[in-house]
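Enquirer: Take a look at the letters that make up each chain.
There are 2 protein chains.
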Amino acid sequence: MTDILHRIVIEASPEKVYDALTNQAQLSAWWARAETEGKVGSIVSFFFGPNGEHQVEMEITDLVPNERVCWKCVGGPWVDTDAFQFTIQADERGSALQFSNSGWAEANEFFMHCNSKWGFFFTVSLKNLLEKGSGQPHPNDPNI
Amino acid sequence: MTDILHRIVIEASPEKVYDALTNQAQLSAWWARAETEGKVGSIVSFFFGPNGEHQVEMEITDLVPNERVCWKCVGGPWVDTDAFQFTIQADERGSALQFSNSGWAEANEFFMHCNSKWGFFFTVSLKNLLEKGSGQPHPNDPNI
Chain S
21 MTDILHRIVI
31 EASPEKVYDA
41 LTNQAQLSAW
51 WARAETEGKV
61 GSIVSFFFGP
71 NGEHQVEMEI
81 TDLVPNERVC
91 WKCVGGPWVD
101 TDAFQFTIQA
111 DERGSALQFS
121 NSGWAEANEF
131 FMHCNSKWGF
141 FFTVSLKNLL
151 EKGSGQPHPN
161 DPNI
Chain B
21 MTDILHRIVI
31 EASPEKVYDA
41 LTNQAQLSAW
51 WARAETEGKV
61 GSIVSFFFGP
71 NGEHQVEMEI
81 TDLVPNERVC
91 WKCVGGPWVD
101 TDAFQFTIQA
111 DERGSALQFS
121 NSGWAEANEF
131 FMHCNSKWGF
141 FFTVSLKNLL
151 EKGSGQPHPN
161 DPNI
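Protein chains in written order, with the working numbering: chain S, 21 to 164; chain B, 21 to 164.
Relax, there's no trap hidden among the hints.
Note: identical chains are not told apart, hence a pair may lie in one copy or across any two.
In silico lysine to any residue, SDA-like type, Cα no more than 20 angstroms apart, as pairs:
no., residue 1, residue 2
1, Lys59, Cys93
2, Lys36, Pro162
3, Lys152, Ala45
4, Lys59, Asn43
5, Lys36, Asn163
6, Lys152, Asn163
7, Lys92, Ile80
8, Lys36, Ala110
9, Lys92, Arg53
Everything labelled a hint here was simulated from the structure, so no lab data went into it.
Using the sequences and the accompanying hints, generate a full structural model.
Expert: Here it is, written out as structure tokens:
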């Protein structure tokens with residue numbers, strides 16, 4: 021088993037980072053078009069592909085305001101992995117965000133591709149959304 | 021032991037990708053200012069920090085033109101990790117580049133930080149250098 025693991029510092033408060041991970045419009049502004057948001061047990065649909073034809077469903081499994089967001093993929097390419105966990109900590113420059121998508125059976129080409137994509141979404145899209153006001157969500161992400 | 025692993029497709033020939041990984045001016049145009057280039061056994065110095073005050077030394081341990089580049093960090097923060105390996109394969113859109121920096125003792129915060137940084141350098145800086153003509157090398161990379 022292997023994990024995708026990232027960590028970035030964002031010049032924004034933990035409240036702003038948490039909002040970007042839970043608010044429908046904000047999620048759509050840095051990752052992919054989201055439909056619905058909600059409480060633990062809700063399922064959020066995200067749309068990928070040039071025309072949003074690939075639907076991914078994430079069940080919200082844990083929410084701790086301004087500290088933690090957890091998802092489990094219940095529809096889409098990551099159903100065989102374990103949790104997606106975002107952990108937010110206060111940092112002298114704003115917030116430190118750690119991310120893990122654990123439980124990959126092997127570090128295959130798709131694992132590597134997804135790891136590179138998350139690197140883009142965190143270091144560019146989410147960071148720019150929160151620091152400069154605009155992200156670069158799918159399908160405007162690099163075609164790697 | 022754990023590894024940093026990335027994979028991206030670049031719309032450029034394997035020859036162009038190999039050049040970006042071995043030519044002094046090209047390395048300086050997507051990763052960090054490089055001094056010297058060379059053959060197996062040579063040491064390439066890279067400069068990090070706002071004013072280039074942190075020197076990293078990479079020994080070139082393997083070169084297969086248009087296919088593979090391997091380094092070993094012999095000075096700097098990655099001396100305790102194993103090889104840095106770039107593998108290039110022809111892809112219908114140009115080239116597929118796989119990267120590994122293996123042999124990290126643990127997936128600590130610095131591991132996660134470096135993984136996120138490599139995500140940026142590959143998906144944005146190297147890809148844009150080869151596809152659009154300009155990269156975003158250190159110190160102009162995101163301050164994560």
